[in-house]
Every structure is written in C-alpha cells, then in structure tokens.
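> Sequence:
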Amino acid sequence: MYPVRTGRHCTFLLHAHLVFVTKYRAPVFTDEHLHYLEQVMRQVCEQFECELTSALR
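Quick note on the numbering used here: the sequence shown kicks off at 231 and runs consecutively.
One should not assume that every hint holds.
[Claimed, not checked] The calculated label-pair distances, taken between Cβ atoms and stated as ranges, are:
1. 261 to 236: 37 to 43 Å
2. 233 to 254: 37 to 43 Å
3. 274 to 242: 14 to 20 Å
4. 233 to 260: 34 to 40 Å
5. 239 to 279: 16 to 22 Å
6. 236 to 266: 30 to 36 Å
To be clear, the hints were calculated from the coordinates, so they are not data collected in a lab.
Since the structure is predicted, the reported quantities are computational estimates derived from the model, not experimental observations.
Quick reminder that beta carbons are idealized off the backbone N, C-alpha and C, glycines included.
Work the whole structure out from these sequences, hints included.
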C-alpha cells in the first residue's frame with residue numbers, strides 16, 4: 231500500500247503523471263536531454279519531499 235501523508239487538518243495521497251510529447255512526435259529528445267530532465271525532476275522531487283518512481287534511461 232502507498233504511504234498516506236497527513237497534515238494538521240488533512241490526509242492526502244497525491245500522484246502526478248508527466249508525459250513529454252513533441253509536436254508530430256518528432257524524435258528531438260537526445261539521451262543528453264533526457265538525462266538533464268531526469269536530474270531536474272529529481273531535484274524538484276527532493277525539494278517537495280516526494281519520490282520519482284520511474285524515469286527513462
């Protein structure tokens with residue numbers, strides 16, 4: 231089961247699903263782009279005290 235977070239007056243379990251799709255699905259993301267995006271997403275998750283559960287490699 232997923233951990234449920236609580237606050238003073240609330241209980242919550244949040245999920246986000248991000249999908250990056252380019253116009254006409256053109257293959258413009260290189261491995262370098264994907265690696266950089268993963269680093270940025272991990273930093274943001276750390277700041278928001280959340281977990282990145284999967285990333286493209």
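> Provide an ascending list of the numbers of those earlier hints which the structure does not satisfy.
Those not satisfied: there are none.
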